Amino acid sequence: MPMFIAVHKWKPEDDITISKELIAGFSAKPPKDVILHYTWTRADYGAFCFWEAPSKEDLNKLFKQYLPTLLKYTEFVPVVQTYPPTMEAVLVLMQQLVKSASK
22 MPMFIAVHKW KPEDDITISK ELIAGFSAKP PKDVILHYTW TRADYGAFCF
72 WEAPSKEDLN KLFKQYLPTL LKYTEFVPVV QTYPPTMEAV LVLMQQLVKS
122 ASK
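Going by this note's numbering, the sequence shown opens with residue 22, and the numbers climb by one from there.
For the record, the hints were derived by calculation from the structure and aren't laboratory data.
Just so you know, not all the hints are guaranteed correct.
List time: in silico SDA-like cross-link candidates among lysine to any residue, alpha-carbon distance up to 25 Å [claimed, not checked]:
1. K53 x L114
2. K77 x V111
3. K82 x P106
4. K85 x T107
5. K77 x T107
6. K53 x D36
7. K41 x Y66
8. K93 x L43
9. K85 x F69
10. K82 x P23
11. K41 x E73
12. K41 x P23
13. K85 x D65
14. K50 x D36
15. K30 x L91
16. K32 x P89
17. K85 x P106
18. K50 x E96
Bear in mind the structure is a predicted one, so any value in this text is a computation, not a measurement.
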């Protein structure tokens, strides 16, 4: 399943609103195929979260429903786990090799 790092950086004046949205979001049941694995918070009104989801659109839909203010301050970055290696990472490397060899 595709993986994403959500990069959040919000304004201090939105901190209470975002905290309320987080309570609502974490209290709700997300779709089974949208999984939050880890969250790392920052002291300067931000966080990084590691998600698995079918698509970036699925994450946007979830955030629009529960975290609309936070969504304004969020970038979802698609990522591939490279260590320890996964089959997805091996395939990406093989595709790059084939593309380079085809030139």
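Hint check results:
1. K53 x L114: Measuring from Cα to Cα gives roughly 30 Å; hence the hint is violated.
2. K77 x V111: 22 Å, holds
3. K82 x P106: 30 Å, violated
4. K85 x T107: Between K85 and T107 the Cα gap is close to 31 Å, so the pair fails against 25 Å, i.e. violated.
5. K77 x T107: Roughly 21 Å between the alpha carbons, so the hint for K77 and T107 holds.
6. K53 x D36: 28 Å, violated
7. K41 x Y66: OK: K41 and Y66 at ~14 Å, within 25 Å.
8. K93 x L43: 14 Å, holds
9. K85 x F69: 18 Å, holds
10. K82 x P23: Roughly 16 Å separates the two Cα atoms, so the pair holds.
11. K41 x E73: With Cα atoms ~23 Å apart, K41 and E73 stay inside 25 Å; holds.
12. K41 x P23: Violated, at roughly 28 Å.
13. K85 x D65: It holds: about 23 Å lies between the C-alpha atoms, which stays within 25 Å.
14. K50 x D36: Roughly 23 Å between the alpha carbons, so the hint for K50 and D36 holds.
15. K30 x L91: 8 Å, holds
16. K32 x P89: Given pair K32, P89 holds - Cα atoms ~14 Å apart, limit 25 Å.
17. K85 x P106: 33 Å, violated
18. K50 x E96: 22 Å, holds
In summary, the numbered hints that this structure violates are 1, 3, 4, 6, 12 and 17.
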